[in-house]
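Could you build the full structure based on these sequences and the hints that come with them?
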Amino acid sequence: MALNSSVMGWFKSVAHKYLAIIVFLIAWQIFPTIGLVNEIFIPTPTTILAEIWKLTLDGTLPNDAVISLFRVGVGFGIALLVALPLGFLLGGFFKSFEKAVNPLLQLLSQANPFTLFPIFIVFLGIGEVSKISIIYWVCQWPILLNTITGISNVDPVLIKMARSSGLSKAEIFTKVLIPASLPTVFTGIRMGAAFSFFMLIGAEMLGSSAGLGYLIMQAQMVMQIPRMWAGIVVVALIGYIVTYSLIYLERRGSVWKQEV
Amino acid sequence: MNLNLSNFNENTKIIKGHDNISEVKEELAVNGKEITGPPKIRIDNVKKIFKTKNNKTSKIEDFIALNDVNLDIYKGEFLVVLGPSGCGKSTLLDILGGLSPASEGEVKIDDNVITEPGLDRGIVFQQYALLPWRNALKNVTFPLENNKKDAESEEIARKYLALVGLSSFEDRYPHELSGGMKQRVAIARALAIDPEILLMDEPFAAVDAQTRAILQEDLLKITENTKKTVIFITHSIDEAVFLADRVAVMTARPGTIKEIVNIPFSRHHRIATDFKNNSDFISLRRRVWDLLKEEVIKSQEITEKRIKFEENENIDGGGI
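In order, the protein sequences belong to chains P and V. Each residue of the first sequence is one higher than the last, beginning at 1 in my numbering. Each residue of the second sequence is one higher than the last, beginning at 1001 in my numbering.
Rather than coming from a laboratory, the hints here were simulated on the basis of the structure. Cβ coordinates follow ideal geometry from the N, Cα and C atoms, glycine included. Treat each hint with caution, since some may be false.
Stated by the list, open to error - Listed next, the stretches of chain V that the computed footprint assigns to chain P, with coverage defined by at least 3 CB atoms under 8 Å from CB atoms of chain P:
| no. | stretch |
| --- | --- |
| 1 | 1096-1109 |
| 2 | 1140-1147 |
| 3 | 1288-1300 |
Claimed, not checked - Under the rule of at most 25 Å between Cα atoms (straight-line distance), these lysine-lysine pairs were calculated in the PhoX-like manner:
| no. | chain 1 | residue 1 | chain 2 | residue 2 |
| --- | --- | --- | --- | --- |
| 4 | V | K1138 | P | K160 |
| 5 | V | K1138 | V | K1228 |
| 6 | P | K160 | V | K1047 |
| 7 | V | K1159 | P | K175 |
| 8 | P | K160 | V | K1053 |
| 9 | V | K1138 | P | K175 |
| 10 | P | K95 | V | K1051 |
| 11 | P | K169 | V | K1056 |
| 12 | V | K1053 | P | K95 |
| 13 | V | K1056 | P | K99 |
| 14 | V | K1148 | P | K175 |
The structure is reproduced here in structure tokens:
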């Protein structure tokens, strides 16, 4: 009985959490079936799932997904390697220099990356380098700017306390500044990851011969609508998985944070 | 105890030089403090000037926060620095802590001029300054980690957490502790380095009144038991009169020491009897308020020139 009620409780909480999604999927399934929307343009979820299964079996999806993930992984990885240390240095050690360059950084970060992509192609060609570079370019900004903000906004009294405890500058940096700024830094990393997927698909649609963005664009041009939808759903799922993995990591890293 | 209240309206003296040591020794003997040797801390003509930018003229101007501060603090003494807000109390504490240099003059501890922070001084800040990603125990071990092994640090930290009455809370993170508990952790951390001097910057200003009363009593007991020299900054007269062996009243900005008021009761007497409701306490409080009142008014006029105090009598001490 007790087990039964706890199972029921679990079921209820899950149902409550995902109710909107479940209703949405059911409606999506029903509307094309009864002809309320045109099934040719909006296929049912089951049709899309079948298409995904088919494309997985013939190797198209895994192949394109690996290519796309490679581009994102390298671009995002370089952004982490460059923007994190740069942000920590600018925010922690070169405050006045940071103040001087901050307006420029803000300006550059506001430039629409899609308009910049042709420039990247002109300089770097249409191959992998230009795509990885534009992904790096886009996702470095939230990481860099959030890291600078995180470091600059560390409560000065914590630094005072650390100084009065006899810590050196380097120790204050590693034992106070970095952990204190981590929540803000992590928000930047998450935004960077989201941006990297936007830019990936954009770049692959604009100029590419492989990858998930290419798959979607290609399918649309030859009117393989289920195939196009399969690509869209896979991209959405990957984005969802990446975002929630990062949120999970963030929660594990900051158990001390007050639940909001 | 019969206090001499006749010097209420006596012109107050601005402390220009240092105390007459034998006089102070006599005074402190009444408090149950035996003074041996020269002052532990000597604050000598300290002046602090900040460069500030005038918003209207955008010229760099000198902002004199402290001017000619002279003060001697003796070993084992509990000295409270009392002053109106914005008079430079915290600046003075920063200089004592070695966190900010004096523009002129110097502070000596046992004849050594202070130039940087040191483990001979433990500081308790008003905003607790606890690291939110460390639990209570790890916050207390923080200043110990450089010089000691983990196990040893933790043993010391446990000892001091027990001293402030938080033994069963060592695993709690700061956000799981009340304001009073946070400040207890901060006090334990300051004591953990076993400093000779404890510097406290309005430590109880952020906690509620009931908790504050308990913390004050506990602080008196702890400092008495551990024989620390304490410099305690506050703007609360009640707090000053209850805690202090001597109260140094500061003037409005630029801050300087206006007068030092001796509190001629032992700490034991202050805790054991209902001192805060005692007539001695009330007359001392009145005396201190009379010293402080005009400084408070001055500092108000500095920060908010529009307000005019037309009837100074109305702001008399009765209501504090």
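Hint check results:
1. For the stretch 1096-1109 of chain V, the proposed coverage by chain P is satisfied: 3 residues have a C-beta within less than 8 Å of a C-beta in that chain, meeting the threshold of three.
2. With 3 residues having a Cβ less than 8 Å from any Cβ of chain P, the stretch 1140-1147 of chain V passes the three-residue criterion, so the hint holds.
3. With 0 residues bearing a CB less than 8 Å from a CB of chain P, the stretch 1288-1300 of chain V misses the requirement of three and the coverage assertion fails.
4. The suggested pairing of K1138 (chain V) with K160 (chain P) holds, with an alpha-carbon distance near 18 Å, which does not exceed 25 Å.
5. For the hint linking K1138 (chain V) to K1228 (chain V), the alpha-carbon distance of about 23 Å falls within 25 Å, and the restraint holds.
6. Distance restraint check for K160 (chain P) and K1047 (chain V): the Cα-Cα separation of roughly 21 Å lies within the 25 Å cut-off, and the hinted pair is therefore satisfied.
7. Distance restraint check for K1159 (chain V) and K175 (chain P): the Cα-Cα separation of roughly 23 Å lies within the 25 Å cut-off, and the hinted pair is therefore satisfied.
8. Using a Cα cut-off of 25 Å, the hinted pair K160 (chain P) and K1053 (chain V) holds, with the two alpha carbons roughly 24 Å apart.
9. The hinted pair formed by K1138 (chain V) and K175 (chain P) meets the criterion: a straight-line CA distance of about 12 Å does not exceed 25 Å.
10. Only pairs whose Cα atoms come within 25 Å are accepted, and K95 (chain P) paired with K1051 (chain V) is accepted, the gap being roughly 18 Å.
11. Restraint check for K169 (chain P) and K1056 (chain V): not satisfied, since their Cα atoms lie roughly 36 Å apart, outside the 25 Å limit.
12. The straight-line distance between the Cα atoms of K1053 (chain V) and K95 (chain P) is roughly 19 Å, inside the 25 Å bound, and the hint therefore holds.
13. A threshold of 25 Å between alpha carbons decides the hint, and for K1056 (chain V) with K99 (chain P) the separation of about 22 Å falls inside it, so the pair holds.
14. Using a Cα cut-off of 25 Å, the hinted pair K1148 (chain V) and K175 (chain P) holds, with the two alpha carbons roughly 16 Å apart.
The structure fails hints 3 and 11 (numbered hints given earlier, in ascending order).
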